[in-house]
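Got chain A sorted already, so can you dock chains B and C onto it with the hints?
If you want the building blocks of each chain, they are given just below.
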Amino acid sequence: MRRLPTGLVFALPALIVLLMLIAYPVAYTGVLSVTDPSGAYTGLKNYQDVLSSRLTPRAFVNTLWWVGGSIVFQVSLGTAAAILLNQEFPGRGVVRAVSVIPWVVPGIVAATTWAWMFHTEFGIINYMLAGPGLISEPVGWLTNPDTVMPAMIAINVWKLFPFVSIMVLAGLQSIPKDLYEAARVDGATFWDETRYITLPQVRPVLMAVTLLLVIWALNHVTTIYAITKGGPANLTLITPIQIFRLGFESFQFNQAAALSVMFFLVAMVIVALYIRFLASGGETAR
Amino acid sequence: MRVSLPGRLALYASAGLLMAVCLFPFLWMVVSSVKELRELYTIPPTWVPRNPTLSNYATVLFSSNIPRYFLNSLVISLGATALSLALAIFASYGFARFSFRGKAAAQSFVLVGQLLPTAAIIVPLFVTLRWLDLVSTYLGLILVYMIITLPLSVWMLTSYFRAIPVELEEAAIIDGASRMGVLFRITLPLSLPGLVAVTIYAFVTTWNEFIFALCFATDSSVKTLPIGLAEFTTEFNTDWGAVMAASVIMTLPVALLFLSMQRLFIGGLMAGATKG
Amino acid sequence: MTKNQRLASRLAIGASLLALCASAVAAGEITWWTPNFNEARARELVAQFQEANPEITVNLEITTTNGLPERILTTLQSGAAPDLIDVQHPWVNGYAQNNLVVPLDDVLEDREDYNSAALDYVTWNDQLWGIPYRVEALAILMNRGHFEGAGLDPDSPPQTWDELLAAAQTLTEAGHSGFAITGGGEVGNTVFRSLPFIWMNGGDIISEDGKTAVVNSPEAVEAVKFWTDMYVAHGVSPTSTLENDGTANRRLFIADQVSMYQSGQFDIASIQEENPDIQIGVMMTPHPEGKDTAAILGGWSWVVPAAAENPEDAKTLIRFLAQSDNMGFFTDTFPARTSAMDLPRFDDPMLQVFAQMLPYGRPLPSHPRWVQISQAYFDGIQRILIGEQDAQASMDLAAEEIQALLDQ
Numbered sequence: 000m001r002r003l004p005t006g007l008v009f010a011l012p013a014l015i016v017l018l019m020l021i022a023y024p025v026a027y028t029g030v031l032s033v034t035d036p037s038g039a040y041t042g043l044k045n046y047q048d049v050l051s052s053r054l055t056p057r058a059f060v061n062t063l064w065w066v067g068g069s070i071v072f073q074v075s076l077g078t079a080a081a082i083l084l085n086q087e088f089p090g091r092g093v094v095r096a097v098s099v100i101p102w103v104v105p106g107i108v109a110a111t112t113w114a115w116m117f118h119t120e121f122g123i124i125n126y127m128l129a130g131p132g133l134i135s136e137p138v139g140w141l142t143n144p145d146t147v148m149p150a151m152i153a154i155n156v157w158k159l160f161p162f163v164s165i166m167v168l169a170g171l172q173s174i175p176k177d178l179y180e181a182a183r184v185d186g187a188t189f190w191d192e193t194r195y196i197t198l199p200q201v202r203p204v205l206m207a208v209t210l211l212l213v214i215w216a217l218n219h220v221t222t223i224y225a226i227t228k229g230g231p232a233n234l235t236l237i238t239p240i241q242i243f244r245l246g247f248e249s250f251q252f253n254q255a256a257a258l259s260v261m262f263f264l265v266a267m268v269i270v271a272l273y274i275r276f277l278a279s280g281g282e283t284a285r
Numbered sequence: 000m001r002v003s004l005p006g007r008l009a010l011y012a013s014a015g016l017l018m019a020v021c022l023f024p025f026l027w028m029v030v031s032s033v034k035e036l037r038e039l040y041t042i043p044p045t046w047v048p049r050n051p052t053l054s055n056y057a058t059v060l061f062s063s064n065i066p067r068y069f070l071n072s073l074v075i076s077l078g079a080t081a082l083s084l085a086l087a088i089f090a091s092y093g094f095a096r097f098s099f100r101g102k103a104a105a106q107s108f109v110l111v112g113q114l115l116p117t118a119a120i121i122v123p124l125f126v127t128l129r130w131l132d133l134v135s136t137y138l139g140l141i142l143v144y145m146i147i148t149l150p151l152s153v154w155m156l157t158s159y160f161r162a163i164p165v166e167l168e169e170a171a172i173i174d175g176a177s178r179m180g181v182l183f184r185i186t187l188p189l190s191l192p193g194l195v196a197v198t199i200y201a202f203v204t205t206w207n208e209f210i211f212a213l214c215f216a217t218d219s220s221v222k223t224l225p226i227g228l229a230e231f232t233t234e235f236n237t238d239w240g241a242v243m244a245a246s247v248i249m250t251l252p253v254a255l256l257f258l259s260m261q262r263l264f265i266g267g268l269m270a271g272a273t274k275g
Numbered sequence: 000m001t002k003n004q005r006l007a008s009r010l011a012i013g014a015s016l017l018a019l020c021a022s023a024v025a026a027g028e029i030t031w032w033t034p035n036f037n038e039a040r041a042r043e044l045v046a047q048f049q050e051a052n053p054e055i056t057v058n059l060e061i062t063t064t065n066g067l068p069e070r071i072l073t074t075l076q077s078g079a080a081p082d083l084i085d086v087q088h089p090w091v092n093g094y095a096q097n098n099l100v101v102p103l104d105d106v107l108e109d110r111e112d113y114n115s116a117a118l119d120y121v122t123w124n125d126q127l128w129g130i131p132y133r134v135e136a137l138a139i140l141m142n143r144g145h146f147e148g149a150g151l152d153p154d155s156p157p158q159t160w161d162e163l164l165a166a167a168q169t170l171t172e173a174g175h176s177g178f179a180i181t182g183g184g185e186v187g188n189t190v191f192r193s194l195p196f197i198w199m200n201g202g203d204i205i206s207e208d209g210k211t212a213v214v215n216s217p218e219a220v221e222a223v224k225f226w227t228d229m230y231v232a233h234g235v236s237p238t239s240t241l242e243n244d245g246t247a248n249r250r251l252f253i254a255d256q257v258s259m260y261q262s263g264q265f266d267i268a269s270i271q272e273e274n275p276d277i278q279i280g281v282m283m284t285p286h287p288e289g290k291d292t293a294a295i296l297g298g299w300s301w302v303v304p305a306a307a308e309n310p311e312d313a314k315t316l317i318r319f320l321a322q323s324d325n326m327g328f329f330t331d332t333f334p335a336r337t338s339a340m341d342l343p344r345f346d347d348p349m350l351q352v353f354a355q356m357l358p359y360g361r362p363l364p365s366h367p368r369w370v371q372i373s374q375a376y377f378d379g380i381q382r383i384l385i386g387e388q389d390a391q392a393s394m395d396l397a398a399e400e401i402q403a404l405l406d407q
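Residue numbers (numbering that gives the first Met the number 0), protein chains in the order written: chain A, 0 to 285; chain B, 0 to 275; chain C, 0 to 407.
Note that these hints are calculated values from the structure, not bench results. Among the hints, a few may not be true.
[Unchecked claim] In the DSBU-like style, the derived pairs of lysine-lysine whose C-alpha atoms are separated by at most 35 Å in a straight line are:
| id | chain 1 | residue 1 | chain 2 | residue 2 |
| --- | --- | --- | --- | --- |
| 1 | C | K224 | A | K228 |
| 2 | C | K210 | C | K224 |
| 3 | C | K210 | C | K290 |
| 4 | A | K44 | C | K210 |
| 5 | C | K290 | C | K224 |
| 6 | B | K102 | A | K176 |
| 7 | C | K210 | A | K228 |
All values reported here derive from a predicted model rather than from experimental measurement.
Pulled out of the complex, with its shape left as it was, chain A reads as follows:
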């Protein structure tokens, strides 16, 4: 009897649990995407219907902006925060605990609180900017086409950069202190250390975190749905919200399934490319 590879044995429990939970939904969605509400096979018609909607390409472009904008700031701010929190200073534990708060606040409450703060008339943000005369008129953060998507992205960045900083901070702990000491002996400055020691060492963690942020951004519904529902005039409509609307608002389950399948395939391709080219490396045992 052939023995299973050890690595596979280790991974098996998790794989089995996931398989049990995911198999039926994947099959269900797949079947739904190629049938019509009565169950008859319709081939690719649902896909055609969805692709021909005026909203689909628009949502796709918005999604690119949303994902790109979010990732750039989440990663850069999160990493900067992690490096900051890795330094030694009094009260560091408290600052670390406080920095977790945006992530921990319930998503719906964070969204509505920010919407309230951004409100043109009730909002504390306009109030605080108008006081010292930084703005002459209230800004319509959520009503102006130029500011509404950046506002959504800002909320998403605020919510998730602590996640990045915690994950990177954990990674920073495994950098041997001897490396830093050796560098200081050689006369390196803080910025040199950061560039040549810190960042390269956390590269694997950063890569993993970035991939997850991309996946989450691609799947995100809560913040935008709670505040603008994809509006105004579909300016903030992203693909996951379009899927949600098709499924739960319009009862168009077959089309929602078709869109989900396409979305899923695109995401799988990104993940596969990522794993092949970027996440190789690390040491393995036999």
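Below, chains B and C alone, put in the same frame as chain A:
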């Protein structure tokens, strides 16, 4: 080693800025939670309440379901976190230290759960839970949460495990330790910060999850805190004071939990590990 | 059928059968889902019902308003449903057309006593799919103090569109937003407030037979332009209009920023509680010269899911709840039965104007694609408010999209 004065000022200023950014909306929430109803929506908005009141907290603690839901959330989140950790530790170790045919496929498969849009999987998951007769049970919800906690836990732990030098483990094996022994006595202790990070992630995600809980926990003996928040909204009115108070109650314990785990979140565990 | 489809459907059937066997429900036990704002009254009625019908036990399950349509849909689709659910009128047709609920023609008694528009709402294919218990219509709430301060008489409010605009402009000059419209939030907010204007002018969004999009007809565009101009051209609606729904407008009203806004009787209690200094007035929605006013009928109905385990007992409960006195007691706004309106609680003078609007209430069209149609219409309104297109161009684009939906 002493950091220069301008360096230290910059450090404190940055730390202050970080705290301000993180706390600003939360502070607004806390202030709102002690305001009376009529003060919540004034124009212009006020930072300091004219008649601060604890009535919102009284509502939340004594006349709502929040205390019961707090308990439910605690059980479910702790359970889901424990189960994720158990499954993920083994899977990540397998991915980090071994190579086998189909490993890339298996790793991709693990991420699949994260990619499925919620709207697409809710109905089939509900059917699955009914089949297992686990609707409205702690175990049912814990199981379903594996879909959202496992992929990331495995993914992140794999990279944390990889960061530990293989020589340490190989040295132990040469000395006669078993694989499991190596895992528990060397790898895990050295990856403690990573374990803490993943624990916090799993806990926070399940603590705040709404839509699965709403659809799968139909009995108030199992309902969770996010549902409790939603209960403050009636058809034309949301008791915002109570929502803010409840949010503060939901957020602070987790932040305090993280504060208490600071001791585990330290570096230098491998100092000198690879020296001669 | 492909192999996969057979497997999937077998899995589904298997799951349902197993579920059916696993949960043997005692005959005489029903589960009723009702929203949290009905809770206290529901409990009382359930107690009375169980006294009169000791062989039936009612499990009351209180639902939240957030996420309610999604939760109901999930449960109806998964084959595991309660026996009785409270839903809003517009949702009923979607359920009926997807075979998710059972017809209730045998449950209705005293058909003539019911608000006919409400019954139309839940009728499809000549069958009745829900029993309405609550109806309401929007009117306009006004701040009497603002009126007097601007030199207007709150006891003779504007009756026509021209008068409305003039009053709004006078009030705005006096320092408040004269007439607030909605531009954000749920689609329903804006549809409920703007569509009646279209109806009043003789237009509609889709034709009676449901085959043509008519939202870009001259009558409809004129009405849309009149309504959106409140924000776009005249500035009598607040600058935050695009982020405001009905509730936000209520808050602005409470904060003394708005003089008139469209709303229902449900807002009155909140306003009185949060700002007792405001003297509230109510007026009927103004109409174009020489025509009648109009409103959309809102409200709630009872439905029995197709997957209910005990539909017969559920129907018995409905018959009890639908009795005139019980319905009058249960409803938050107005009952769907005219005889129930005789109850003393409806004598409140504040409610008079709202009661006067009821006869002008019409149901929303019952097209299967109505949700997407109203979304396309709402997108059009937002395009106008945001300045992307003018009224005609925006409605032309909306008509194109709606026509595509009608042709599917």
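Comparing the hints with the structure gives:
no.	hint	in the structure
1	C:K224 x A:K228	24 Å, holds
2	C:K210 x C:K224	24 Å, holds
3	C:K210 x C:K290	26 Å, holds
4	A:K44 x C:K210	22 Å, holds
5	C:K290 x C:K224	18 Å, holds
6	B:K102 x A:K176	33 Å, holds
7	C:K210 x A:K228	28 Å, holds
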